[in-house]
Amino acid sequence: MNEVSRVVDVAVIGAGAAGLYAADLVRRAGHSVVVLEGRDRVGGRLLSVPAVGGTLDLGATWFWSNEAQVNEVVAAEGLVAFRQYLDGDAMFQNEQGAQRMQGNQVDAPSGRLVDGTQSITHALAARLGDGVIHLEAVVTTVSEVPEAPEVLAIATTCGQIWHARQLIVAVPPATAEARIDFGGALSEPVRSLAAETPVWMGNIVKVVAHYARPFWRNAGLAGAAFSYTGPMRELHDMSGPHGTPAAVFGFAQPGAATPLRPKPRSSVSSPRCLAVKQRSRRRYTSRTGEPNR
Amino acid sequence: MTSPDNVDDLTKYQTYGHPLFGEPILNGRGHWASTETATTAPGHIEGALQAATRAAQAVVVRLATVI
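Chain order of the listed sequences is D and C.
Residue 396 is where the first sequence starts when you use our numbering, and the numbers rise one by one after that.
Residue 252 is where the second sequence starts when you use our numbering, and the numbers rise one by one after that.
Hints are not guaranteed to be accurate.
Facing chain C, a subset of chain D residues (Cβ under 8 Å, in silico) [what the hints assert, rightly or not]: (1) Asp404; (2) Gly414; (3) Phe487; (4) Pro568; (5) Thr592.
Okay, the calculated beta carbon distance ranges per label pair [to be verified]: (6) Gln497/D to Val312/C: 48 to 58 Å; (7) Tyr264/C to Gly473/D: 25 to 35 Å; (8) Ala543/D to Glu274/C: 40 to 50 Å; (9) Tyr264/C to Gly578/D: 25 to 35 Å; (10) Tyr264/C to Val444/D: 22 to 32 Å; (11) Tyr264/C to Glu545/D: 16 to 26 Å; (12) Asp435/D to Gly273/C: 44 to 54 Å; (13) Gln308/C to Val444/D: 28 to 38 Å.
Listed next, the stretches of chain C that the computed footprint assigns to chain D, with coverage defined by at least 3 CB atoms under 8 Å from CB atoms of chain D [said to hold, decoys possible]: (14) 268–281; (15) 292–302; (16) 309–316.
Don't read these hints as lab results, they were simulated from the structure.
Source: prediction; values computed, not measured.
Using N, Cα and C, we set each Cβ at its ideal position, and we do this for glycine too.
All chains should be built: construct the whole structure from the sequences, respecting the hints.
This is how it looks when you write it as structure tokens:
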């Protein structure tokens, strides 16, 4: 037996924004805590990657001024925010082709982070200190402990078994229901509710096109569009502050974006690279996805 | 296979922030905290933080009162 049994007040499943924030609150209240994360990184659906001149968000992009808790974390951690680019005209596409609209009805005012939204979870992870977050620790079972009824046993693929008095499930309910063996203890009607609750963005592909410069801005365009013909139903400017790095992103259905390739045309700049983030194939976001980062 | 399993599920967000997600599970030892379980801004980063706050508060209360 290689299993290591460790005792902790609180175990948290998932090192996304929810899991890390909950862990920090529990820690501040004076309790010991461990965060068990299936991926090899923190952030969950927040993923920001370096690009020439800055950072690109392949996960969540925006936050809003009326969102008190995000704004509190951003301020407390000294994260640098900037406004979503809104200026210029949006575009519209249907079977008749693409048309320019007057103004931008596609975007709403929102906030962005210079270092990407994942800087939120990096900051929250730093609050927790060393040894709290365990990466590549996929929780497989949660069970009662007959000889210790005051705790739950949480087993991971690392071969660790954690004994925790309290458990916070900070992965999507459908993912937890499908991928963690609760030994029947997840009773109805909660089990069905969890199974039927869609994973936010779980069936959406985010496509980010990174350009050498935001050429659309010089043409008085917002970089925003909506389309009835697809494959992307909406597009938004996702450039960094002052247009660097220059990028546009869109949402598409899975499958629609799989064969996407940059298509250079004489009238359109070719992107430097095209990043396709398909959450539906992400094992630790979705119920049945493939192993991933 | 994807999650949700079909396109219809994309608009089936009425279960977000369902009151049952605010209730403990596993005989009072477990609590939901993902953005889907938030009663405000579910899906957003804000929803993740809101759900986390609710779960952490429930945990702290339980640890103070349950032996």
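To see whether the hints hold, each was checked on the structure:
no., hint, in the structure
1, Asp404, "6 Å, holds"
2, Gly414, "7 Å, holds"
3, Phe487, "22 Å, violated"
4, Pro568, "6 Å, holds"
5, Thr592, "4 Å, holds"
6, Gln497/D to Val312/C: 48 to 58 Å, "54 Å, holds"
7, Tyr264/C to Gly473/D: 25 to 35 Å, "34 Å, holds"
8, Ala543/D to Glu274/C: 40 to 50 Å, "24 Å, violated"
9, Tyr264/C to Gly578/D: 25 to 35 Å, "30 Å, holds"
10, Tyr264/C to Val444/D: 22 to 32 Å, "28 Å, holds"
11, Tyr264/C to Glu545/D: 16 to 26 Å, "37 Å, violated"
12, Asp435/D to Gly273/C: 44 to 54 Å, "32 Å, violated"
13, Gln308/C to Val444/D: 28 to 38 Å, "34 Å, holds"
14, 268–281, "holds (count 9)"
15, 292–302, "holds (count 10)"
16, 309–316, "holds (count 4)"
Checked against the numbered hints given earlier, the structure breaks hints 3, 8, 11, 12 and satisfies all the rest.
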